[in-house]
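Chains as they are written, first to last, in the numbering used here: chain A, 42 to 344; chain B, 19 to 323.
Heads up, a few of these hints could be off.
To be verified - Below, a sample of chain B positions facing chain A; criterion: calculated Cβ distance under 7 Å:
(1) VAL37
(2) ILE148
(3) ILE152
(4) GLY156
(5) ALA227
(6) ILE264
(7) MET291
(8) TYR302
Because the hints were derived from the structure by calculation, they are not lab data.
Being a predicted model, the structure only gives us computed values, none of them experimental.
Quick reminder that beta carbons are idealized off the backbone N, C-alpha and C, glycines included.
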Amino acid sequence: MADTIKTSDTSVESIEPTPGSLLRKRTFGHAGFMIGATVLGIIFFMAIFAPLISPGDPYDQVLSRKLIPPIWHESAKATWQHPLGTDLLGRDYMTRLFYGARISLLIGFTAMLISGIIGTTLGVLAGYFGGRVDMVVSFIITTRLSMPVVLVALAVVSLVGSSLTMVIWILGLLIWDRFAVVMRSATQQVRNLDFVTSAQALGCSTPRILFAEILPNITNSLIVIATIEMAHAILLEATLSFLGLGVQPPEPSWGLMISEAKGMIFFDAWLITIPGIGLFALVLAINLLGDGIRDVTAPENRN
Amino acid sequence: MLIYMIKRLGMAILVALTVSILSFLMIYLSGDPAIALAGEGSSQEDIENVRQVYGFNRPIIVQYGDWLFQALQGNLGHSNYLKSDVASVVFERLPITMLLGACALGFALILSIPLGVVAAIRPNSLVDRIALTIAVVGQAMPSFWFALTMILWFSINWRLLPITGTDSWLNFIMPSIALGYYVTPAVMRLTRAGMLEVLSSDYIRTARAKGLRPMTVLFKHALRNAIIPVVSLAAVQFGFMLGGSIVIETIFAINGLGFLAWESIQRADLPMMQAIVLVLSIFYICLTFFADMLNAFLNPLIRVS
Numbered sequence: 042m043a044d045t046i047k048t049s050d051t052s053v054e055s056i057e058p059t060p061g062s063l064l065r066k067r068t069f070g071h072a073g074f075m076i077g078a079t080v081l082g083i084i085f086f087m088a089i090f091a092p093l094i095s096p097g098d099p100y101d102q103v104l105s106r107k108l109i110p111p112i113w114h115e116s117a118k119a120t121w122q123h124p125l126g127t128d129l130l131g132r133d134y135m136t137r138l139f140y141g142a143r144i145s146l147l148i149g150f151t152a153m154l155i156s157g158i159i160g161t162t163l164g165v166l167a168g169y170f171g172g173r174v175d176m177v178v179s180f181i182i183t184t185r186l187s188m189p190v191v192l193v194a195l196a197v198v199s200l201v202g203s204s205l206t207m208v209i210w211i212l213g214l215l216i217w218d219r220f221a222v223v224m225r226s227a228t229q230q231v232r233n234l235d236f237v238t239s240a241q242a243l244g245c246s247t248p249r250i251l252f253a254e255i256l257p258n259i260t261n262s263l264i265v266i267a268t269i270e271m272a273h274a275i276l277l278e279a280t281l282s283f284l285g286l287g288v289q290p291p292e293p294s295w296g297l298m299i300s301e302a303k304g305m306i307f308f309d310a311w312l313i314t315i316p317g318i319g320l321f322a323l324v325l326a327i328n329l330l331g332d333g334i335r336d337v338t339a340p341e342n343r344n
Numbered sequence: 019m020l021i022y023m024i025k026r027l028g029m030a031i032l033v034a035l036t037v038s039i040l041s042f043l044m045i046y047l048s049g050d051p052a053i054a055l056a057g058e059g060s061s062q063e064d065i066e067n068v069r070q071v072y073g074f075n076r077p078i079i080v081q082y083g084d085w086l087f088q089a090l091q092g093n094l095g096h097s098n099y100l101k102s103d104v105a106s107v108v109f110e111r112l113p114i115t116m117l118l119g120a121c122a123l124g125f126a127l128i129l130s131i132p133l134g135v136v137a138a139i140r141p142n143s144l145v146d147r148i149a150l151t152i153a154v155v156g157q158a159m160p161s162f163w164f165a166l167t168m169i170l171w172f173s174i175n176w177r178l179l180p181i182t183g184t185d186s187w188l189n190f191i192m193p194s195i196a197l198g199y200y201v202t203p204a205v206m207r208l209t210r211a212g213m214l215e216v217l218s219s220d221y222i223r224t225a226r227a228k229g230l231r232p233m234t235v236l237f238k239h240a241l242r243n244a245i246i247p248v249v250s251l252a253a254v255q256f257g258f259m260l261g262g263s264i265v266i267e268t269i270f271a272i273n274g275l276g277f278l279a280w281e282s283i284q285r286a287d288l289p290m291m292q293a294i295v296l297v298l299s300i301f302y303i304c305l306t307f308f309a310d311m312l313n314a315f316l317n318p319l320i321r322v323s
């Protein structure tokens with residue numbers, strides 16, 4: 042069965058491989074892309090179906106069952122009722138891990154969206170108009186880069202008060218620099234190509250040129266930067282929460298879970314290891330996916 | 019070169035001024051800085067008193083002008099929590115953060131440049147793939163988790179390294195790695211790309227054709243040219259690391275600027291926060307300025323255009 046499909050496939054391609062089939066081939070043949078997509082899919086599944094698949098309630102504290110180790114520990118306390126154990130307040134750790142995925146994905150995605158809109162607008166305008174606009178935008182980018190992100194984010198959160206929305210906005214307003222830098226140079230490359238010149242000659246309005254001619258042609262690099270910045274935002278949120286100025290208890294943010302467990306590193310280190318692996322897997326998956334998209338959509342840039 | 023330098027210097031000064039305005043305005047984010055300084059639940063009288071002492075009742079432009087004028091003279095304000103001059107505390111803590119940053123950068127360069135070179139000599143080989151994997155994995159690890167994991171293994175399980183403090187050079191090993199590993203992927207990729215480009219150039223072929231020893235060609239001819247962009251990247255990354263040291267210093271209880279920043283944020287010590295943001299930003303601006311100058315000096319293409 043598999044053989045027949047394969048031969049029919051190659052016979053079609055030997056006549057004329059369609060761009061679509063080549064793209065599919067590259068996509069499914071790219072190990073990093075597939076691994077990234079699979080891991081990300083699992084984490085998405087965990088996040089979306091958290092209420093259905095988790096064994097308990099993320100906020101339910103039962104002190105009589107605190108600090109139960111995960112099942113792979115050779116401890117009499119380990120039980121299948123709490124596969125990943127429980128934390129200091131007796132909350133089921135697997136449940137908190139699943140719900141924590143929601144927070145990471147939510148913050149990562151929305152902060153990336155905000156920074157993407159700001160950065161892309163600045164970058165495209167600078168790249169398209171050049172001259173003075175470019176100078177002003179470059180100046181804004183340089184200023185932003187010279188302020189340390191973690192420090193400024195921490196200071197601002199401490200001054201305006203921390204909540205989920207606040208963290209999202211602060212991160213979104215801080216990490217647009219890479220979007221701006223890359224979109225600026227991508228636009229500069231596209232700006233002088235023939236199809237843009239002909240659109241200008243036809244008398245198209247500037248917004249039309251920007252949205253219909255420039256933007257579709259820089260989407261590839263936009264998506265790649267979007268994945269990098271989403272991973273960046275997730276790491277920053279975890280850092281802020283770890284330092285106590287991000288997501289506030291009792292929310293199950295992975296960074297906060299590590300922070301709450303850091304006093305127990307001597308005896309219950311798995312409390313730190315488990316959410317850490319969650320963060321690591323999520324960020325790695327997003328990065329692999331981003332690298333994969335870059336390779337698959339622009340194979341000539343592979344090195 | 020001179021015109022380029024002046025232009026670049028003007029830009030640096032303008033950026034520094036903007037940063038100073040932003041870090042000055044930062045304390046107004048909480049609404050009324052007098053209330054924030056006096057502390058929650060203080061009486062109207064106390065708040066009014068703070069407002070008088072700190073001069074928050076003056077127009078904001080006057081306040082900024084005064085603050086900037088004082089800052090230029092090296093007076094960054096007074097911390098009413100530490101009951102001390104902000105500038106002296108900041109500059110007392112700065113050296114240890116610099117030392118940590120230098121160790122971290124050293125670690126990053128020692129690891130990433132050889133890896134990048136080897137990866138470039140044999141592209142797509144096993145070494146290249148391992149280097150790439152290290153880069154991808156390294157970029158995905160949250161530094162605070164990496165730091166805690168190192169503590170868990172090297173200090174708690176194997177009892178090899180001290181966890182906190184700055185008593186000996188052993189104390190700096192884990193913080194330097196935790197702070198520096200994040201930089202390695204970028205440096206490695208840049209070294210690899212630079213080496214690949216240089217190795218395929220004509221003068222390397224000539225050098226090889228002359229019958230020079232492969233090692234001489236590699237280090238004296240190729241690496242020297244490939245390393246130029248790495249220098250400015252390293253400078254930029256050093257600046258980022260000083261900002262990132264807040265996390266590492268907090269974990270390892272290293273009494274540097276980052277730890278001071280975290281403490282000041284916890285106790286709402288506004289003048290201290292302001293000063294640290296300003297000092298780190300200015301330091302970064304100077305760093306990038308000198309990196310650009312060095313780059314222009316080494317690469318004539320930049321200074322002519």
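Here is what the structure says about each hint:
1. Hint on B/VAL37 holds. Least Cβ distance to chain A is approximately 6 Å, under the 7 Å limit.
2. For B/ILE148, the interface hint is violated, the least distance from its beta-carbon to any beta-carbon of chain A being 15 Å, above 7 Å.
3. Because the beta carbon of B/ILE152 sits about 12 Å from the nearest beta carbon in chain A, more than 7 Å, this interface hint is broken.
4. Interface hint status for B/GLY156: violated, as the beta-carbon distance to the closest one in chain A is roughly 10 Å, over 7 Å.
5. With 7 Å as the threshold, the beta carbon of B/ALA227 stays out of range of chain A, its nearest partner Cβ sitting at about 26 Å, so the hint is violated.
6. For the restraint placing B/ILE264 at the interface with chain A, the shortest Cβ-Cβ distance is roughly 6 Å, inside the 7 Å limit, so the hint holds.
7. Satisfaction of the interface hint for B/MET291 is found here, the shortest Cβ-Cβ separation to chain A being roughly 5 Å, below the 7 Å cut-off.
8. Restraint check, B/TYR302 versus chain A: the minimum CB separation of about 5 Å is within 7 Å; hint holds.
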